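Asker: Chains as they are written, first to last, in my numbering: chain A, 1 to 218; chain B, 1 to 81.
Since the hints were derived computationally from the structure, they do not count as laboratory data.
These figures come from a predicted structure and were not determined experimentally.
It cannot be assumed that every hint is accurate.
[Unchecked claim] Below, in silico cross-link-like pairs of lysine-lysine (DSSO-like), each with a Cα-Cα straight-line distance of 30 Å or less:
(1) A:K90 - B:K5
(2) A:K90 - A:K76
(3) A:K110 - B:K5
(4) B:K12 - B:K55
(5) B:K13 - A:K76
(6) A:K67 - A:K193
(7) A:K101 - B:K55
(8) A:K2 - A:K90
(9) B:K12 - B:K51
(10) A:K193 - B:K55
(11) A:K90 - A:K67
(12) B:K47 - A:K90
(13) B:K71 - A:K76
(14) A:K2 - A:K113
(15) A:K193 - A:K118
(16) A:K101 - B:K71
(17) B:K13 - A:K154
(18) A:K67 - B:K51
(19) A:K193 - B:K51
(20) B:K71 - A:K67
(21) A:K67 - B:K47
(22) B:K47 - A:K113
(23) A:K157 - B:K47
(24) B:K55 - A:K154
(25) A:K193 - B:K71
(26) B:K55 - B:K13
(27) A:K118 - B:K5
(28) A:K101 - B:K13
(29) A:K76 - B:K5
(30) A:K90 - A:K110
(31) A:K157 - B:K55
(32) B:K71 - A:K154
[Said to hold, decoys possible] A short, non-exhaustive set of chain A residues, derived as facing chain B with CB atoms under 7 Å:
(33) F10
(34) E12
(35) V13
(36) K76
(37) D80
(38) L81
(39) C97
(40) L128
C-beta: ideal position from N, C-alpha, C; glycine also.
So you can see what is in the structure, the chains are spelled out below.
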Amino acid sequence: MKAILVRPRFDEVTPYTFDFASQILQWCQQAGISVVELAEDNAVRARVEAELAQDIDLFIHYDHGNKDALIGQDEKAVLDLKNCALLADKETYTLACLSAKSLGVEVWRKGGKYWGYKEVVSFTTDALSAFQEAFNCGFCYRFIEGDSHENALKRAKEVFTGLSFMLVDAGKTFAAICMRQNRDNLVYYNAHKPEEKEGCLLALLKLPKLVFSLKGVN
Amino acid sequence: MASEKDLIAEIKKTLTGLAQNNSSWRLMLGMESLSASEVIQRLDNDKKLRKMVVKHYVGLAIEIEQRGRQKLEGNSGTPQV
Chain A
1 MKAILVRPRF DEVTPYTFDF ASQILQWCQQ AGISVVELAE DNAVRARVEA ELAQDIDLFI
61 HYDHGNKDAL IGQDEKAVLD LKNCALLADK ETYTLACLSA KSLGVEVWRK GGKYWGYKEV
121 VSFTTDALSA FQEAFNCGFC YRFIEGDSHE NALKRAKEVF TGLSFMLVDA GKTFAAICMR
181 QNRDNLVYYN AHKPEEKEGC LLALLKLPKL VFSLKGVN
Chain B
1 MASEKDLIAE IKKTLTGLAQ NNSSWRLMLG MESLSASEVI QRLDNDKKLR KMVVKHYVGL
61 AIEIEQRGRQ KLEGNSGTPQ V
């Protein structure tokens, strides 16, 4: 398996996520996964596009994002709706905020698999090891242990839950709140399909099928 | 019965303690890095943050209760001989 790890470091948040990603890099090296690391000044769109044009199976991105894009060192998109076809037929694992909302869905539509978050990701500095464990465990389950998409997501969510209880017990309630919020916003397309927002037109298009199925029942 | 206002007041007390005793504490919220004092202010002015905090605080309480009940039910079975 070949992977790209993109990890910029440019503001108050990214030094933490840069460190979280070090564990991913270490696991890959131990498991024999070949990793092209695009860190800091190399974490830019041109480099990412050039590397993704090679024979890559897995794209890892730590950290910032928005609903349409994953952000690089220059605070510009390394991947967005315009070039996300590069992730078709690949696995993506990202910690970025919001990117599963739109970008992840588009990648999934193109045949990619996308681990990400639908809303803003949060963490507190009094529980960094717990957050690292939560953010990274899914990677271990899926790519190191080789568990299925569904199981990796299920097990990761259980880890988030267990850690939120542990943080409550430790008196770190705000950290526990963040942990729970991250858990609820974590998705893995294609362990499940993105939630479809049905407009009136789509509902109308489905109406004949519904009527037909009801006739079948009667 | 405790209201949302009471809950936020209690969370603010915890954050005030953090601001006094752990000045390096930060909340990383997306691209923002907030001190405990800044989070207290945001809880007054940012409805979305307040809603998120209350939602997950209550959610945690429910899950803790469920966990407790499961533990009780798990312990109530007749031991096998």
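Asker: None of the hints should be skipped; say for each whether it holds.
Answerer: We went through each hint and held it up to the structure:
The hinted pair formed by A:K90 and B:K5 fails the criterion: a straight-line CA distance of about 47 Å is larger than 30 Å. Simply put, A:K90 and A:K76 have alpha-carbon atoms about 22 Å apart, close enough for the 30 Å limit, and the pair holds. Under the criterion of a C-alpha separation no larger than 30 Å, the hint pairing A:K110 with B:K5 is inconsistent with the structure, at around 46 Å. Using a Cα cut-off of 30 Å, the hinted pair B:K12 and B:K55 holds, with the two alpha carbons roughly 16 Å apart.
With a CA separation close to 39 Å, the supplied pair B:K13 and A:K76 exceeds the 30 Å bound. With a CA separation close to 17 Å, the supplied pair A:K67 and A:K193 stays within the 30 Å bound. For the suggested pair A:K101 and B:K55, the alpha carbons sit about 20 Å apart, so the restraint of at most 30 Å is met. Distance restraint check for A:K2 and A:K90: the Cα-Cα separation of roughly 10 Å lies within the 30 Å cut-off, and the hinted pair is therefore satisfied.
Distance check on the hinted pair: B:K12 and B:K51 sit about 14 Å apart at the alpha-carbon level, within 30 Å; holds. The suggested pairing of A:K193 with B:K55 holds, with an alpha-carbon distance near 25 Å, which does not exceed 30 Å. Proposed proximity of A:K90 and A:K67 is supported: the alpha carbons are some 19 Å apart, at most 30 Å. Distance restraint check for B:K47 and A:K90: the Cα-Cα separation of roughly 38 Å exceeds the 30 Å cut-off, and the hinted pair is therefore not satisfied.
With a CA separation close to 49 Å, the supplied pair B:K71 and A:K76 exceeds the 30 Å bound. About 15 Å separates the Cα atoms of A:K2 and A:K113, which keeps this hinted pair within 30 Å; it holds. This hinted pair checks out: A:K193 and A:K118 have alpha carbons roughly 13 Å apart, not beyond 30 Å. For the hint pairing A:K101 with B:K71, the CA-to-CA distance comes to about 36 Å; that exceeds 30 Å, so the pair is violated.
Taking the CA atoms of B:K13 and A:K154, the gap is about 35 Å. The hint is violated against a cut of 30 Å. Of the pairs offered as hints, the one joining A:K67 and B:K51 holds, with about 21 Å between alpha carbons and a cut-off of 30 Å not exceeded. The hinted pair formed by A:K193 and B:K51 meets the criterion: a straight-line CA distance of about 27 Å does not exceed 30 Å. Proposed proximity of B:K71 and A:K67 is contradicted: the alpha carbons are some 40 Å apart, above 30 Å.
Taking the CA atoms of A:K67 and B:K47, the gap is near 21 Å; set against the 30 Å cutoff, the hint holds. Proximity of B:K47 to A:K113 is assessed by CA-CA distance (about 34 Å); at most 30 Å being required, the pair is judged violated. About 27 Å separates the Cα atoms of A:K157 and B:K47, which keeps this hinted pair within 30 Å; it holds. Simply put, B:K55 and A:K154 have alpha-carbon atoms about 22 Å apart, close enough for the 30 Å limit, and the pair holds.
In summary, the hint linking A:K193 to B:K71 is not supported, as the alpha carbons are separated by about 33 Å, beyond the 30 Å threshold. Taking the CA atoms of B:K55 and B:K13, the gap is about 18 Å. The hint holds against a cut of 30 Å. For a cut-off of 30 Å, the pair hint linking A:K118 to B:K5 stands: about 28 Å separates their Cα positions. Taken as a hint, the A:K101 and B:K13 pair is broken in the structure, with Cα atoms around 34 Å apart against an allowance of 30 Å.
Taking the CA atoms of A:K76 and B:K5, the gap is about 40 Å. The hint is violated against a cut of 30 Å. At roughly 10 Å between alpha-carbon atoms, A:K90 and A:K110 fall within 30 Å of each other, so this suggested pair holds. For the given pair, A:K157 sits about 18 Å from B:K55 by alpha-carbon distance, which is consistent with the 30 Å threshold. Restraint check for B:K71 and A:K154: the C-alpha separation of about 21 Å stays at or below 30 Å, so the hint holds.
Taken as an interface hint, A:F10 does not check out: its beta carbon lies about 10 Å from the nearest beta carbon of chain B, beyond 7 Å. Here the hint on A:E12 is kept, as its CB sits about 4 Å from the closest CB of chain B, short of 7 Å. Given the 7 Å rule on beta carbons, the hint for A:V13 holds: about 5 Å separates it from the nearest Cβ of chain B. The interface hint given for A:K76 is violated, since its Cβ lies 14 Å from the closest Cβ of chain B, which is over the 7 Å cut-off.
The interface hint given for A:D80 is violated, since its Cβ lies 17 Å from the closest Cβ of chain B, which is over the 7 Å cut-off. Evaluation of the A:L81 hint against chain B yields a violated restraint, the C-beta minimum of about 20 Å exceeding 7 Å. Evaluation of the A:C97 hint against chain B yields a held restraint, the C-beta minimum of about 5 Å falling below 7 Å. At a threshold of 7 Å, the smallest CB-CB gap from A:L128 to chain B is about 10 Å, leaving the interface hint violated.
The structure shown violates the earlier hints numbered 1, 3, 5, 12, 13, 16, 17, 20, 22, 25, 28, 29, 33, 36, 37, 38 and 40.
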